[in-house]
Every structure is written in C-alpha cells, then in structure tokens.
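Novice: Chain by chain, the residues run as shown.
Number of protein chains: 2
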Amino acid sequence: MKEFDLIKRYFAEQPVQRKDVLLGIGDDCAIVVADDKHHIAITTDTLVSGVHFFEDTDPRAIGHKSIAVSLSDLAAMGAEPSWISLAISMPSIDEDWVEQFCAGVFELSEYYNVQLIGGDTTSGPLSITVTAQGLTPVDKRLTRAGANAGDWIYVTGEIGDAALALQYLLKNVAVEEVYRDQLLTKLHYPKPKVLAGQLLKEYASSAIDLSDGLIGDLNHICQASNVGANLVLDSIPLSQALVETLGLEQGVKLALNGGDDYELLFTVSEDNKVGMETALNNANVKHTCIGQLNGNDKITTTLDNQPIQIDAKGFEHFLHD
Amino acid sequence: MKEFDLIKRYFAEQPVQRKDVLLGIGDDCAIVVADDKHHIAITTDTLVSGVHFFEDTDPRAIGHKSIAVSLSDLAAMGAEPSWISLAISMPSIDEDWVEQFCAGVFELSEYYNVQLIGGDTTSGPLSITVTAQGLTPVDKRLTRAGANAGDWIYVTGEIGDAALALQYLLKNVAVEEVYRDQLLTKLHYPKPKVLAGQLLKEYASSAIDLSDGLIGDLNHICQASNVGANLVLDSIPLSQALVETLGLEQGVKLALNGGDDYELLFTVSEDNKVGMETALNNANVKHTCIGQLNGNDKITTTLDNQPIQIDAKGFEHFLHD
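Chains as they are written, first to last, in my numbering: chain E, 2 to 322; chain D, 2 to 322.
Rather than coming from a laboratory, the hints here were simulated on the basis of the structure.
What you were told as hints is all true, and nothing was included just to trick you.
Given that identical chains are not distinguished, each listed pair holds provided it fits within a single copy or across any two copies.
The calculated lysine to aspartate or glutamate pairs, modelled on EDC-like cross-linking and capped at a C-alpha distance of 20 Å, are:
{"id": "1", "residue 1": "Lys20", "residue 2": "Asp140"}
{"id": "2", "residue 1": "Lys9", "residue 2": "Asp213"}
{"id": "3", "residue 1": "Lys141", "residue 2": "Asp36"}
{"id": "4", "residue 1": "Lys9", "residue 2": "Glu96"}
{"id": "5", "residue 1": "Lys192", "residue 2": "Glu108"}
{"id": "6", "residue 1": "Lys287", "residue 2": "Asp235"}
In this text the structure is predicted, and so the values were computed from the model without any measurement.
The following block holds chain E by itself, in its conformation from the complex (with noise of 0.2 Å):
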C-alpha cells in the first residue's frame, strides 16, 4: 500500500469536519480561518517508540495518547482544541496497526470536535509528532508566568497512577489484580483536562499540565511567575491503588517525581477561590489544593506542618527526618 492510498483510507475519512477548516488533507497545505475574537495556541509533542512507549503497546492506546498530550498542552493554556496535523513514521505498513491506531487518535479527536487537517506518513522507526492548535480568548490567557505570592496551588484529579502503571510494567513493582486496569488505563488513555483548562481561564493565575512530574512541573510556574512555593506533601492526591501498592512514602514520592499524568497544576488567587471551587465543583472536576505561592525563590515541603527536605530528585528523610 503506498503513501496517498494509506493516507486516504485511513486518515482523510475522519468523524470531525469544522467549519473553520476551508481546506484539510489533500494539497500542499490544510487552510483554516481564526476570528477575531480568538488567538491561536500551537503545540507539538513527538512520541518515540521505546522510550514514550513500549513496542507492544495497543496501536489504539498510542494513537490516543499520541492525540491526548498535545490536547493536555492546550488545556493548560485554557485554549479550545481545533486542528491537529500527525507525523508517524513507520518501519512497514502494517494495515492492521493503523487501523487501531486511527482509533484511538480519531475516539478522542472526535470527543473533542478536533479536525485532523494534515500531516505526513514517511518510513522509518515508529514514531509520532503531534502539532495541536486550539482557540483563546483575545482577552483571557492562561500560561505559567502569571501566578503571585499568596496564591493557591491545586491540582486537578489524583496522581501518580501512571508512573505506578511504568514501574508494574518494567516489573519492578507488584500491583494486585484488582488495581491493574485501572492504572494502565492512567498510562494508556489520560485525559486531557480540556474542559477543566477552558473554565480555569477564568480563575486561574496560572496553569500546566502534569507531564514531568509535580515538583519539576511546579518549579516551571515558580521560575515563570518568580515565586516560590510551599507544598504540603499531607494533601497531595493519590488513588487507593497507589498507597495500597507503596505506601503513603513511596506514594508521595512518585506524585512527586513521576509523570505522564496529564492533569493540570494551577494557581488561585485567594479572591477567585470561591468560584473556581464553585465552577470545577458543577463541571464534577476533583481538585485539591496542595499548598501555597510565596516570595522565596525555592519549593519547600511540609508534612504533619513540619517542613521537610526535598532535593531535586524527591525529598530525602521523609517520614524519618
């Protein structure tokens, strides 16, 4: 099968056809129309093969988190997903592999009324490049550099899960039957907190998503708004499967440290609390609030309101300083 007629089959008959898309697969470029009212937030992620996934991961799992990572960038900027363009290249054609993986990018493409309006399919070793666009408000942005000293720190969701789900797959972690789906799940299909983002632009002083872990995403807030910061380690949200499979120590420090969770991390002055917690609270968003923004130029932790040390890596001492 050659390039236009893979092209064709499975990438040009697809569920979304926006009416800003005047031009989508086809010809040299796709032509899309913004209003006025809206700018447009651009992002691109690349997922290799054997080091973003395994080998053997279910094509459909890739093509939606191929889709979803870039869909949780724009939810951090409260933008509304429009376009996508996919790169994949691949070692071979394998019609079977595409088909599933054109699932999973076109479930959650539709999901979230994004078009699919180009790319291109090139051989060599498997990998995907996602560029996402998504619509904002002239007058409302949300980023990482707008948050103040006194601000509330929240996360959306609870976290951890993914990483617990790599480490049970690279078999240094048991985890028990019954936690299993739901953690794979966590790794496999995340959902990009695209509604919570569009109603934090309302509240929020600033917003990422969680794809580096907590601690290293936190700092990229602290050093954009140049604050600091207090995180009260008690109050960080896991699931039962993760403290039942490591404990609330070995829990915490994969919350911290871990990442591929893809919920959002955002700050709240202390005036917009109330609506915020009122708006995610009617759209049934879980949030919690996990501490505080300061004037220091550091991230501090507290447990049991006694502070504790932490080093770039996690925290030393915990629970035995």
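Following the hints, position chain D against chain E.
Specialist: Just chain D now, kept in the frame of chain E:
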C-alpha cells in the same frame, strides 16, 4: 545537557521576533494572532535519517532542508510563511551537531521572517518534523484544484538536478568535478519558491511544489482539477550539468521521475499568461512553459511534435519509438 538547557541555548534564542507571536517558546503552547484579512495555511513534513538524508549529511544542510521543504509547501499555496514548530528526535545530544543544525534552520527562517514558536526535543533515532504556517489573503487561494482545460503548464527553475545529486552520492553516476557543488547545493540547500508563490497567487489557476517528481506532481494537479495534460518533453528546463552528465534522454527521464526539486509547477489561463510572465520576469524568477492542460483524463507527452508513450514510472521508447 538536559532538554531544557538545550532548548534554551540553541532554539529559544533566534533571529526572528514577529509581532504576531504573542507567546513563543517556553510555555505549554505558543500563542499567535491572525487578523481577519488572512487565512492560515498549515503544512507538516518529516525527514528521517537514512530515508530522506544520509546519516553523515552536513547538519547545517539537514536544518536548512527541514525548513525548506515545508516553506516550499507554503509557497505552493501562495502563502506568506509566518511560524514554524520543530520536533527533533536525536539518539544523543551532540552540541556541535545541534549548533550547525540550528544555523541551517535559522539562516532560512531569518531570510523569510519566520519565527520558531515551539516544538519538542526527544531521545530517539534522528528524525525531524516541521509544521510550518503561513498567511494567505482571505480572497486569494492557490491550490491544486483550480486548473482548467486550456491552461498552460509552467515550472520555475530547472529540474532534475537534486535527483542527479542523489544518484551521484549513491555512486550510481559519475559527475564532473565542475558540476558537483552546484548539484549538491540543489539537493542539500533547496530554495523554497516563496516569492514566486506569492506572485503566482494573483495569476495562476493551480500550483504544487515539485517534491515527488514532475509526472507525479502534475498528476496531483490533474486529479484535483479533473483535467488531462500534454507535456512537451523538449521544453522541460534542464541544467547544463544534468544534460552534460546524463545526456538529454536520461536527463528528461530523471526530471520526470526524480524528486526533491522544490520548484513550483503551476498552471495559468491564456488570459493571465502575460500578467504572470511580467510579474515573474520583474522578480527574476526563471519559468518555462512545458505543456498545456486538456479535457482528457490522462497525461500525454510529445517530443519533436510527435506523441510518445509514458508509463507511470516514466516513458518508454524515448527517442527510439
């Protein structure tokens, strides 16, 4: 060196700072603004080491070409290049390599005033995916689909040189030393025909950039526009280097079926011919009429005013019919 340092040192500091980029590298997304007089043209291309370029290719050339192939797609739509996202996978971080690669990227992006607004750097087999965006006037659109029977077929520049350079590197062909640099430059440092595309959007009925070879790309126009074509083989513009190296017959074959030219193939109505000729002449853009569209459903070819057979992969009985 870590990813963030790499991005900061080599990618974030760049020569171009456009006013329509509200937020560039460094957050979850870039933010750009499009005005209400323009649509946005978007294209994505991947270059894989060992497939699209030899592993030991000068990294400056790889950087140049990564951008050039996408700008060439924008040129074919008559778009003004504006923003690029660059995803690069590398097996390891070789700073000298990255520096040279970036030099190639930024030489071209500076020339065309295109800003790098984001991307991704990952560990993996060497591969580069660029998504380029450009602005097209709301009331002018140049695609593959607007051609009509009777329109004249043109190409810019000379074609076949990049394909000859590839055959030389593969040691399939000996090339005299006097021609080598010029041919290798055509392969490694193609010049996207951005200015020509912007002029052509006023006059041409269709356009495509030559990446897959003249026959294949003309076929794309014919299919999209529902027309046939006759190519006058004697008029295909070949360089002296190509003709002296391969002779006329093999030279034309290579021009028809080689690729990587990144010249523009376009069609123009009888009425717009003089206007187009004047505009391209004033801009010093070499262009040659190589045939005419018709109402048939296939591509025919003539030589010395006599029909001559071609098949999908080229043409048979050339000069011996």
